[in-house]
Amino acid sequence: MSHSEPIKLKAPDHDTLQLPASLAKLAVPLLGGGVLVLLVGWAIGLAAGEGVRYAMLSYLSALMFCVTISLGALFFVIIQHLTRAGWSATVRRTSELLASAMPLLAIMFVPILIAVWIGGETMYAWQGAEFNALEVAPIKQLYLNPGFFTIRAVFCFASWILLARYFCGMSRRQDQTGEVQLTEKMQFWSGPAVFLFSLTCSIAAFDWIMSLAPMWFSTMFGVYIFAGSILAALAAGTALVYWFQAQGKLRDEVTVEHYHDLGKLLFGFVVFWAYISFSQYLLIWYANIPEETEWFFYRQANGWSWVSIILVLMHWLLPFLALLSRPLRRRPGWVFGWSVYLLLMHFIDLFWAIMPQASHAMGPTGGGLGIVSVILCGVGMSALYLGAVFKLAADVPLIPVRDPRLIESLAFENV
Amino acid sequence: MSIAAVQGSDNTLERPGERAPLVLGDTTFHTITESVCQIAERKPSKLWVAGFLVSAHLAGFFGILVLYLIYTGVGVWGNQAPVFWGWPIVNFVFWVGIGHAGTLISAILFLFRQEWRTSINRAAEAMTIFAVICAGSFPGIHVGRAWLAYWLAPYPSLNLWMWPQFRSPLLWDVFAVSTYGSVSAAFWYMGMIPDLATLRDRARNPYRRFAYGILALGWSGSSRHWLRYEKAYALLAALAAPLVLSVHTIVSFDFAVSQVPGWHTTIFPPYFVAGAIFSGFAMVLTLMIPARSLLNLKHLITLRHLENMCKIILATGSIVGLAYGTEFFIAWYGQVREESFAFINRAFGPYAWAYWIMITCNVISPQLFWFRRFRTDPVLIFIVTIFVNIGMWFERFVIVVSSLSRDYLPSAWGYFTPTWVDWGMLIGSFGLFFTLFLLFCRLMPVINMAETKATLAHEMHVRHLTEHAQHEAE
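In order, the protein sequence lines correspond to chains A and B. Using the working numbering, the first residue of the first sequence is number 1, and each one after it goes up by one. Using the working numbering, the first residue of the second sequence is number 1, and each one after it goes up by one.
Since the hints were made in silico from the structure, they are not lab data. Honestly, I wouldn't trust all of these hints.
Said to hold, decoys possible - Computed list of lysine-lysine pairs in DSBU-like fashion (alpha-carbon distance at most 35 Å, straight line):
id, chain 1, residue 1, chain 2, residue 2
1, B, K311, B, K298
2, A, K185, A, K391
3, A, K264, B, K43
4, B, K298, B, K43
5, B, K298, A, K185
6, B, K311, A, K185
7, A, K264, B, K231
8, A, K185, A, K264
9, A, K185, B, K453
Claimed, not checked - Some but not every residue of chain B turned toward chain A, in silico, with C-beta under 8 Å:
id, residue
10, S9
11, A256
12, W370
Just so you know, these numbers come straight off a predicted model, no measurement behind them. For glycine and all other residues, C-beta sits at the position ideal for the given N, C-alpha and C.
My request is simple: use the sequences and hints to build the entire structure.
Listed below in structure tokens is the structure:
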């Protein structure tokens, strides 16, 4: 904890604290290219052979990938204030940027709402003819109907945008004023913020992903999406910080110690994700009740079992063994590599949770065209999101330059 | 970073950029040794003797009831069709839950570099082990023929020529709880070795010196010893951390792998773990608040320690509340008749009284900890933690009894009534728990002196640096 040399803080406009020019220039091409690729991906989805639903679910997978990253980053920021963490000040701004892009994702959610309002077979099976014929349909539709669905979606996005604006805005204000009270205020609101977050995160998981299989239910589902979100956000944050460093920025601010800690957190959430997903699977498999096994049955047939096995081996086992290693966690390049890898795994996880509801008969490849659509949508949406993050980062210091705990973060060492 | 200035005994405030001190007053290394060691060295107080006599009698009563049960049969309990898992299992889950705070504090908070754990980890770990002992006794006698309980061990039994049922979570429980108990005990004991050596070195009575000498394993405090100690401690912490999660996860599997409505729900594993931490911290506070006054340890177990634990209680209590809400919502959303019925029956059926006690104590009462006033007044904290202890016992009662008493077959429905033996065993297990805890307070170093001194050394170092910097500036 102690440091022999006194630490000197840099001025907010110091060159090494700014977004690398090469990345700033990327923002507009990423935004434009992202939209283009996304549109192409969506259009290919239409041709995949399962109608509009395939294209919409492909779009949803991509959107959920970015939403979960943004959400996880928001949670990371809030929890740093809640726990008054000292180590993380230098890496917090990156997460603030990831969370601040939420309004864009809210706009990107509008196509989903349009699909829900069109109804029928366009998106969610709870609007389909097959579901309407069921005896329980009228009761379940008290919750699963376009109006209420929209209200909840607006509530969720409004809450997240509000939280992101508050925590990131205050932190930005502190860059200018250096007021310690701002940190105190954020600490004060961090408790209620987690409360609101956990509620909205559960609603989002149930509404947007779980209800794709309208008769299926799992009380764990919110926690499952939450676990993946945090992992993805940690991975995205770590990868971005490394990227900035590779361009010559933040060299003095983010040290091996921070990578070591981020590596530990990545390891922890790899395990947490596996714990939650495995528990959910085991309990449903063991009790073997048809209403519940249906969901996993879809994911064990027509080639989907391969995706399930890939998740077990590559979303859990491989990163578990790798990140167990302390020398690895203390090599920034390796931590970066595993972060990118885990982001890919997170995408496969969401793909596995969403796409079988569109095409379980066609298998994970979606007849060839399907998988192209999913990949293009994923790439397009991610580019769009990243472009927005770079745009937001354009004239913002990459660390909270006058955070009262910055010195503690700069000085800290793993014992 | 600097250390916050403290007025009086309230160290709960720190400005961002400062860290509040965790050791208060004019404490030195020597006074830490004195204030901890003399608890084990002086003559027991009258209050201790009185407390010990009461709890030891209750523990003895528990033993007699166990003998009575074994002699007579499990009919002495209220367990009857359809509720075959009555109070013994409720008590088991309750006590296992209590036993979660200690290892969480010593392992997980260690890995998270939470320095405030240093002065509370020892007693919390001891409490953990005693709670696991109380917990373990219930399934042992609940098997009915307690003299055959060893059949749970994984070997092909000579009488039956078969292995135990490995597919049953009840057997996983045997492994989970015994692993947890043994690793926690090893962790606790290992952490105590330097302090036991201190007690050995201070002992005047040769028997005492001999006993502590045996326990201290020849500890000399050399840097080689410390090096190995620190390594072993970090490794054990890493090994113990997953155990904190695994035990109650597997306990939750006991219920959740079944098809009983109200038991089979996928959120059980994390929700049980959160509940266990919730109840464990409540019990730590229930014990610590009187102990820190009676043993004069307020400068080491400070208000800040209490406040931090209150925050953990608030967080885990709210997680538990969210889980209750999620269960209820999904029971409706799923539109499975039996599932919806189980939850409506919980809240409005014959056990509604238990359900609402649970909600009041577990979800509503910890919400008081949103207010600083409630987190910083030991008396108020104590009252809330009692509510939490009660609430968590009722949670297990609600889960076990309300689900079993009305499942798929209405013709088999029943109402569970405890007998005097059920009551006696619950009270008796508290007797056992307090007896062990009181003995611990008398015989062992109740605070980790070595680690607390390291915390103090760190604070002194930071203060020194700050003063030095100020001088330079002048």
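Compare the distance between the alpha carbons of K311(B) and K298(B) with 35 Å, and conclude whether the hinted pair is satisfied.
-> holds (19 Å)
Take a quick look at whether K185(A) and K264(A) sit within 35 Å of each other, Cα to Cα.
-> holds (29 Å)
Given pair status - K43(B), K264(A), alpha carbons within 35 Å | violated (47 Å)
Taking 35 Å as the top limit, are the C-alpha atoms of K298(B) and K43(B) close enough?
-> holds (21 Å)
With a cut-off of 35 Å on the C-alpha distance, tell me whether K298(B) and K185(A) pass.
-> holds (30 Å)
W370(B) as chain A interface residue, shortest Cβ-Cβ below 8 Å = Holds. Min distance 7 Å.
For the pair we were handed, K311(B) and K185(A), check the Cα-Cα distance against 35 Å.
-> holds (17 Å)
Starting from K264(A), check that the Cα of K231(B) is at most 35 Å away, please.
-> Holds - the C-alpha atoms of K231(B) and K264(A) are around 18 Å apart, at most 35 Å.
Straight-line Cα separation of K185(A) and K391(A) no greater than 35 Å?
-> holds (27 Å)
Interface hint for A256(B), Cβ within 8 Å of any Cβ on chain A = Holds, about 5 Å.
Holds or violated: S9(B) as interface residue toward chain A, Cβ cutoff 8 Å?
-> Given a least distance of 21 Å, the restraint on S9(B) is violated.
With a cut-off of 35 Å on the C-alpha distance, tell me whether K185(A) and K453(B) pass.
-> holds (33 Å)
When held up to the earlier numbered hints, the structure conflicts with 3, 10 and fits the remainder.
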